[in-house]
Every structure is written in C-alpha cells, then in structure tokens.
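Listed in order, the protein sequences are those of chains A and B. Each residue of the first sequence is one higher than the one before, counting from 112 in my numbering. Each residue of the second sequence is one higher than the one before, counting from 2 in my numbering.
Since the hints were derived computationally from the structure, they do not count as laboratory data. Keep in mind the model is a prediction, meaning the values are calculated, not measured. Possibly wrong hints are sitting among the right ones.
Derived CB-CB ranges, DEER-like [to be verified]:
id	chain 1	residue 1	chain 2	residue 2	range
1	A	Phe148	B	Glu38	44 to 54 Å
2	A	Gln141	B	Gly205	34 to 44 Å
3	A	Phe190	B	Asp217	48 to 58 Å
4	B	Pro5	A	Leu185	19 to 29 Å
5	B	Val216	A	Gln141	47 to 57 Å
Ideal Cβ positions, reconstructed from N, Cα and C, are used throughout, including at glycine.
These are the residues of each chain, in order.
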Amino acid sequence: MKILTHNMMACTKKQCMGKGFPLKVECTEQIVLEQEFNYEFTKNIYPKLDWAGIAEISKKFNIPIQLDTTKHSLEDEEFLKTLHSLLCNLKVITGSLTCPNCQRVYPIDKGIPNMLLREDEIYQDIKE
Amino acid sequence: MSRPEHIAPPEIFYDDVESKKYSSNSRIIEIQTKMAERAYELLAIPETAEGLMLLDIGCGSGISGDVISDAGHHWIGCDISQHMLDVAIDREVEGDVMLRDIGQGFPFRAGTFDGAISISAIQWLCNAEKSHHNPRKRLHTFFQSLFNVLTRGGKAILQFYPENSAQIEMITASALRCGFSGGLLIDFPNSSKAKKYFLVLFTGNNNIMPSAKGVDGAEEYEEEDDNEVKYSNRKRDRRRVTKSKGSAQHKTKDWIMNKKDRQRKQGREIKNDSKFSGRKRGPKF
Chain A
112 MKILTHNMMA CTKKQCMGKG FPLKVECTEQ IVLEQEFNYE FTKNIYPKLD WAGIAEISKK
172 FNIPIQLDTT KHSLEDEEFL KTLHSLLCNL KVITGSLTCP NCQRVYPIDK GIPNMLLRED
232 EIYQDIKE
Chain B
2 MSRPEHIAPP EIFYDDVESK KYSSNSRIIE IQTKMAERAY ELLAIPETAE GLMLLDIGCG
62 SGISGDVISD AGHHWIGCDI SQHMLDVAID REVEGDVMLR DIGQGFPFRA GTFDGAISIS
122 AIQWLCNAEK SHHNPRKRLH TFFQSLFNVL TRGGKAILQF YPENSAQIEM ITASALRCGF
182 SGGLLIDFPN SSKAKKYFLV LFTGNNNIMP SAKGVDGAEE YEEEDDNEVK YSNRKRDRRR
242 VTKSKGSAQH KTKDWIMNKK DRQRKQGREI KNDSKFSGRK RGPKF
C-alpha cells in the first residue's frame, strides 16, 4: 500500500462517516520504490490531499516536508518532488491501519490492506 | 454460457487455480484488455490530461489496471478475492490494490477519483451469497459510495454481463436513484458473442452519451471475436468433410462385416456370413 492510497482512504463504518480518516499506520515492513517524478500528477493530486494524513506519515517515517499549506507553491519543484516521493515511493508491506474514530484495526499483508467488514459491522450500519 | 456467479461466491470461485488463469491464459488477458481499453475510451479523458486518479472496481489481477497505467494515470483497485490480488502483486502492477467487498461501499474519502472503470464485476452484486446479503441494498450502497468517491464531473464506465433484463433494470435503476445520470450502452447489439454491456454513468448532468459500436452490424466483422467465429466455422466445415468421407466408406464389405460382428457381440440375431455378404449388386436394367 502506497502512502498515496493511505491518504485517500477512510473507515467506512457508518458511525465514522466523515471522520474515519486519517487512518493510523502501524508498519513492520516497508519498501522504498524509485519512481520517476511526475509533475502533472503531483499537481493534479495536490488539491485532493488530506494534510493531516501527510503530517502523520511525515512524523512516522521521519520525512521532513513543508506542512504549512499557506506557504506551498506549485512552482516550487523541490517541494513537489518531496511530496511525490513521499506519496509514490514509500510502500507499506506489512502492518495495520487503525480508524481514529472507532479504533477498528485493518491488517495489511503482502502490501494488500484488508478492508473487509464483518457481518456484524455491516449490520451495525443498517441499524443506525 | 456458464456463469461463474452461479457456481460459488467470488472470493471462493477465484481461488488459486482460477486466479492463475488470469496471469497465464492469453485469451482471457486479450479479452479483458480489449474491454478495459473500450471502457477507458468511453471515459473520454482528453488526450492532454495526464496523471489522473482512477478507480478500478473488481480489479482482479490488474489486467484492466495495466490499461490505465499505459495511459499514464494512477489507479487504485478493489477486489474481494485474495488470490486474485496476490496474482496482481506477483505481476507487480503499478497501481495499489486492496481487499474489499464492493457491496460494502468504498473505503475512500469523498471526491477522490476522477473516474472509475469496472470490467465484469458488478453482476456479482446481483446474487445474495450470504444470509445477510440483500442484492438491492448492496447495489444501493455500492452506487451511493461510488457517487461519493468520484469528483463532480467524474465518470464511471462499468462493463458487466447481465443475466436477464430484470438484472439490467435493477442495476440501472439503482444507479440512477443514487444521483447518477447516464445509461446503458450496448456494443454490437446484434451479435450474441461480441455483444457487450457498458453502464455509462456521470456525476454531473451536462454530458453526452457516447455512441455504441457496431449498431448497424456492418462494423462487427472488424472485431476479434468475430474472427474467432470465422475460424470455428472453418473447423466445422472441416469436420463436415471428414464426416462425408466416412460415409463414402459406408456400406463397403469391411464396414458391413464390422457392423455384423459388433451386433453379434451385442447378442442380436444376425444372418450368417456368406459369399454374397457385402457383395456389389450387378447393374440394374
């Protein structure tokens, strides 16, 4: 699971609607990819990012990045490059995701997050 | 045609063996790639656009995702079969995949994706696999969640194999109820083999439905699927020829003797062999 995916994800249990993100990452194994910097993509994805999620990842993996959104400039190539490598090059292989709202833990195995809900959790949704 | 959704639920049907087919069977790969290419074409992403974020629903081993990667976009895929996703990881697909039942909606923040494609997945939602499943409710959750995760002006192209017209109606009605506009597009409506159903959905209103391929039936023969029909015709012709050759040997002396032996073994009452058995009759006057 890339950090980009993590940034887009949210817990979908009904009680977490609108507040089930950013998911907390626990990571026991990770790899670093080497993908080419893609200017267009980084620019397109920028407005969709959740900065609370970026902040957490930046702290967790010790990657310094400008977090003050008022100081960002899409002309600053250095900043975009850091952002791109944070989003696309860091991949969590094993670990888990925890919802900040309901504390549900989603395991990550072989790079695939398991987001399946159990029957009782869906039922919970229907009731509410 | 056999329907896998009648055999077992998707997470069980696409087991180790069935998933491996998707990485090794060139025919499956070719068909899937063709459909994904068509779906991507229907998304009508302008050629200048690059680096968009797309969702692949029921991504499986990531064949359809490869089409997106080739076009220079990023994708995230959801699938319910662990084995299929393992194949995707083995193939080192560029996008990210996750295990998720699409009938439970998507685990993403609202307005994340610029578009979505799905190849042969949503017909699975029409079946109740577990006691607590309700197809209508699951379809509703699916479309509602899809509507949420798409940006305004986003499009979703969902290719599926409906079992009957009731299913088409159930799926389309559910999509429209969730706020989508758009409708069903049928490629090659007059061909039983090349016929493909695409559900074209827009989150905005001001969109023009793309036109279907092969409506007048003339174009149809350009399709790969129909080449195959020609080939199988040839095969059938060849079979017919060998059969007629067989009937030429029919009623020769050897054939008659063989037949009498066979029937004797079956215990039937058979005339004794004589010098006249199987002999050619003289010319008739």
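Just pull the numbers of the violated hints for me, sorted ascending. Per hint list: 1, 4 violated.
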